[in-house]
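J.: Can you build the whole structure from these sequences, using the hints too?
These protein sequence lines are chains A and B, in that order.
Okay, so the first sequence: first residue is 1 according to the working numbering, each after it adds one.
Okay, so the second sequence: first residue is 1001 according to the working numbering, each after it adds one.
Hint data in this document are derived by calculation from the structure and do not stem from the laboratory.
No experiment lies behind these values; they were computed from the predicted model shown.
Treat the hints with care, as some may be off.
Quick list of the computed label-pair ranges, beta carbon to beta carbon [as the list claims (entries may be wrong)]: (1) A/Glu88 with B/Gly1094: 17 to 27 Å; (2) B/Gly1011 with A/Gly70: 52 to 62 Å; (3) B/Met1028 with A/Gln95: 16 to 26 Å; (4) B/Leu1040 with A/Lys16: 33 to 43 Å; (5) B/Ala1114 with A/Val121: 51 to 61 Å.
Cβ atoms here follow ideal geometry from the backbone N, Cα and C, with glycine treated the same way.
One letter stands for each residue in the lines below.
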Amino acid sequence: MKTHYVAPCSKQSLPKIRAFVEEELRSLHVQESTTHQLVLAVDEACANSIIHHHECNDHDRIKLSISLRGKELLIELTDNGKPFPIHEYKPEDLQEIIRKRTKGGLGIFLITKIMDKIEIVENDDHFVYKFIKYI
Amino acid sequence: MTMQIAEHNSGNFITLTPTGDLDANSSMLMDEKIQNGIDLGIYNFHIDCTALRYISSAGLGVFISFMEGLTAHNGRFVFSEMTENVYKVFQLLGLEQLMTIVATRDEAAKLLGA
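T.: In structure tokens form, the structure reads like this:
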């Protein structure tokens, strides 16, 4: 079974997105420590889309879907426009981030660390990030 | 959950106690509180994490962005009372090696010269 959540592209959506993911993973009996990490990864991906892709325009929408097939948990984030190539991202060295005093650059690093596999499917008017975790 | 941050100025350091989730939505508030302390000439901060339920990279980014500036003035962040979930986020990034994290408020206060 697949469940969905559609969120306006506002930073105020983030707590609701986290609550949705937490609730769904709990209903799928995912371990609490794994749930916490997955909530974090989804929060990072959604924050990235909302802030950098949509510039917090709350008329825009992103869609989340969660499904479990056997041991493969699939979290899909559907968005429009052009995807950021998360799966090709090479994170900066943490010391370098500290030296530059930047506030960004850590979110995608966390996503790539938490997820087992990331795929991007591109269509004409939208794309889907597929985040896969083997549980 | 919206975040609130209580603050207490002990003279040579400031204790900030965030309640709730420190995420992309709320991290600006933490940024402002730290900057306000620095504007007063205080470079040591105790971050009491007792009521901090969640932290994302945006929250961590605030602390990272101030780290070098504090060090340049012989200051630092000392975190205490972290929940396991929050500590694990520090661990994922290897930040537990770079930040001072202690178990209790008393230890934090002692380290900061209370």
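J.: Given the hint of 33 to 43 Å, is the C-beta distance from B/Leu1040 to A/Lys16 inside that range or not?
T.: Between B/Leu1040 and A/Lys16, where Cβ atoms are some 36 Å apart, the hint holds.
J.: Quick check: does the Cβ-Cβ distance between B/Gly1011 and A/Gly70 fall within 52 to 62 Å?
T.: 59 Å, holds
J.: Between B/Met1028 and A/Gln95, does the beta-carbon spacing fit 16 to 26 Å?
T.: Between B/Met1028 and A/Gln95, where Cβ atoms are some 25 Å apart, the hint holds.
J.: Mind checking the hinted window 51 to 61 Å against the Cβ distance between B/Ala1114 and A/Val121?
T.: Because 55 Å falls inside the window, the suggested range holds.
J.: With 17 to 27 Å as the target window, see if A/Glu88 and B/Gly1094 comply at their CB atoms.
T.: Taking Cβ atoms as reference, A/Glu88 and B/Gly1094 lie about 22 Å apart, which means the hint holds.
No hint from the list above goes unmet by this structure.
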